[in-house]
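S.K.: Taken in sequence, the protein lines are chains A and B. Numbered according to the working numbering, the first sequence spans residues 1 to 126. Numbered according to the working numbering, the second sequence spans residues 1001 to 1245.
Possibly wrong hints are sitting among the right ones.
Derived SDA-like pairs (lysine to any residue); straight-line CA-CA distance at most 25 angstroms [claimed, not checked]: (1) Lys1072/B <-> Pro116/A; (2) Lys69/A <-> Gly1189/B; (3) Lys69/A <-> Lys1229/B; (4) Lys1072/B <-> Lys69/A; (5) Lys1072/B <-> Ser1200/B; (6) Lys1153/B <-> Gly1189/B; (7) Lys1090/B <-> Asp1055/B; (8) Lys83/A <-> Asp1164/B; (9) Lys1127/B <-> Pro116/A; (10) Lys83/A <-> Thr1163/B; (11) Lys1127/B <-> Ile1102/B; (12) Lys1153/B <-> Leu88/A; (13) Lys1229/B <-> Glu1042/B; (14) Lys83/A <-> Arg62/A; (15) Lys69/A <-> Glu1042/B; (16) Lys1072/B <-> His85/A.
Just some of the chain A residues that point at chain B, by a computed CB distance under 10 angstroms [as the list claims (entries may be wrong)]: (17) Asn48; (18) His49; (19) Val61; (20) Ile65; (21) Gly67; (22) Gly68; (23) Tyr70; (24) Cys78; (25) Lys82; (26) Asn84; (27) Arg105.
These are computed hints drawn from the structure, not numbers from a lab. For glycine and all other residues, C-beta sits at the position ideal for the given N, C-alpha and C.
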Amino acid sequence: MTLRWAGLWRMALLLVLAGPLAAAVNEPVLDIGQGGHCVDDPQFMRLNHMKLLRHQRDETVRQGIRGGKYSLAGCVDCHASKKNHSVLGTDQNFCQGCHVYAAVRIDCFECHSSTPRRSIAGEVLK
Amino acid sequence: MSCGHDHQRRQFLSRGAALTAAVTIAPGLMLYDFARARPSGEPASSAVRWGMLIDTTQCESGCDACVRACNKENSLPGGTLPTDPQWIRKLELQQEGTGRRISLPMMCQHCAEPPCVEVCPTGASFKRADGIVLVDKHRCIGCRYCMMACPYKARSFVHEPVTDHSGATPRGQGTVESCTLCVHRVDQGVAPACVEACASEGHQAILFGNLNDPDSAISQRIRSVASAKLRADLNLDPGISFVGL
């Protein structure tokens, strides 16, 4: 009886100790590129960016509404790493890092550019 | 009578001069009309219908400046195999009997009644309010019905994985694509890349503008010269017209 309790206590202690340790080891360390003020609260963006982008893409492609608050190109412009000028490449890069951590496949960049926009004349905007 | 004609001619020439002043305002950039750049946040309007008038008498045989400009703008690989995406093809035609030769660029005709839209099972093929026919690649499943329905052979299927995303148009393997009338430029008030390239070669074979505006250069020209639409018998009402067919 005593032995069983001791075993349970040991397991509980292990979980308490290992929990934060494991989180600290696994949590993605992201290179946010230029960063600065996001278009919305970062926690809101973490939860909702996919819905916002889905809404925006339909408006832009089908109705031609451009220059909205939320856009994939906007994300890339601010969050492309200054090292490789991309939001992909390593597990520190903004999009790839978080998506690898969350184990969610990211389709956007099979068609879209993962590097900041250029103007029509060729120079980088901003 | 002749005085009236002269007056009209002078008016026409002065309008032409005004237009030239507008289009050459910045080197490398052709702005067809400042008022046409929609304010950001506003959707495309059906008050506008974009179209082109292609003058085959000005289109030089062997010149492919428009094709190269299109390839560069949209980062197309530039091959001409049946499996290569081609948004513009240069055609060299010879009339039977007379032997008369003409040269013209052939691309999506941006029909008012597009058969590609009619056959699309997912709603990916669509016509924007301002008459530009596009593929919504988020919805395209690559079935290629639209390619079979198009009488102009204007659409291409992307067979190979796309590695170069530097172009203005997002492109991806497994979807169908065609001329977008450089919708990303048009929305900013800039003429399509092919129009600009043709003009910078000094040919002026492609006139781009709003067909719904009776005062636009393209509407005025369509009123004053004989033009024809390809396969007019199909009643698709293309946005592209040709002079000198």
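S.K.: Now tell me if each hint is right for this structure.
M.R.: Hint check results:
1. Lys1072/B <-> Pro116/A: holds, 18 angstroms
2. Lys69/A <-> Gly1189/B: Between lysine 69/A and glycine 1189/B the Cα gap is close to 21 angstroms, so the pair holds against 25 angstroms.
3. Lys69/A <-> Lys1229/B: The given pair, whose Cα atoms are some 41 angstroms apart, is violated under the 25 angstroms limit.
4. Lys1072/B <-> Lys69/A: violated, 29 angstroms
5. Lys1072/B <-> Ser1200/B: Between lysine 1072/B and serine 1200/B the Cα gap is close to 15 angstroms, so the pair holds against 25 angstroms.
6. Lys1153/B <-> Gly1189/B: violated, 28 angstroms
7. Lys1090/B <-> Asp1055/B: holds, 13 angstroms
8. Lys83/A <-> Asp1164/B: At roughly 20 angstroms apart (the allowed maximum being 25 angstroms), aspartate 1164/B and lysine 83/A satisfy the hint.
9. Lys1127/B <-> Pro116/A: Violated, because 29 angstroms separates the two Cα atoms, which is more than 25 angstroms.
10. Lys83/A <-> Thr1163/B: Judged against 25 angstroms, a Cα distance of about 20 angstroms means the pair holds.
11. Lys1127/B <-> Ile1102/B: violated, 30 angstroms
12. Lys1153/B <-> Leu88/A: Since the Cα atoms of lysine 1153/B and leucine 88/A sit roughly 36 angstroms apart, the hinted pair is violated (cutoff 25 angstroms).
13. Lys1229/B <-> Glu1042/B: Violated - the C-alpha atoms of glutamate 1042/B and lysine 1229/B are around 31 angstroms apart, more than 25 angstroms.
14. Lys83/A <-> Arg62/A: Roughly 35 angstroms between the alpha carbons, so the hint for lysine 83/A and arginine 62/A is violated.
15. Lys69/A <-> Glu1042/B: Since the Cα atoms of lysine 69/A and glutamate 1042/B sit roughly 13 angstroms apart, the hinted pair holds (cutoff 25 angstroms).
16. Lys1072/B <-> His85/A: holds, 21 angstroms
17. Asn48: Nearest chain B Cβ about 18 angstroms off; hint violated.
18. His49: violated, 16 angstroms
19. Val61: With Cβ-Cβ at 5 angstroms, under 10 angstroms, it holds.
20. Ile65: holds, 5 angstroms
21. Gly67: holds, 3 angstroms
22. Gly68: holds, 6 angstroms
23. Tyr70: The hint is violated - tyrosine 70/A has no Cβ within 10 angstroms of chain B, the shortest such distance being about 12 angstroms.
24. Cys78: violated, 18 angstroms
25. Lys82: violated, 19 angstroms
26. Asn84: violated, 14 angstroms
27. Arg105: violated, 14 angstroms
When held up to the earlier numbered hints, the structure conflicts with 3, 4, 6, 9, 11, 12, 13, 14, 17, 18, 23, 24, 25, 26, 27 and fits the remainder.
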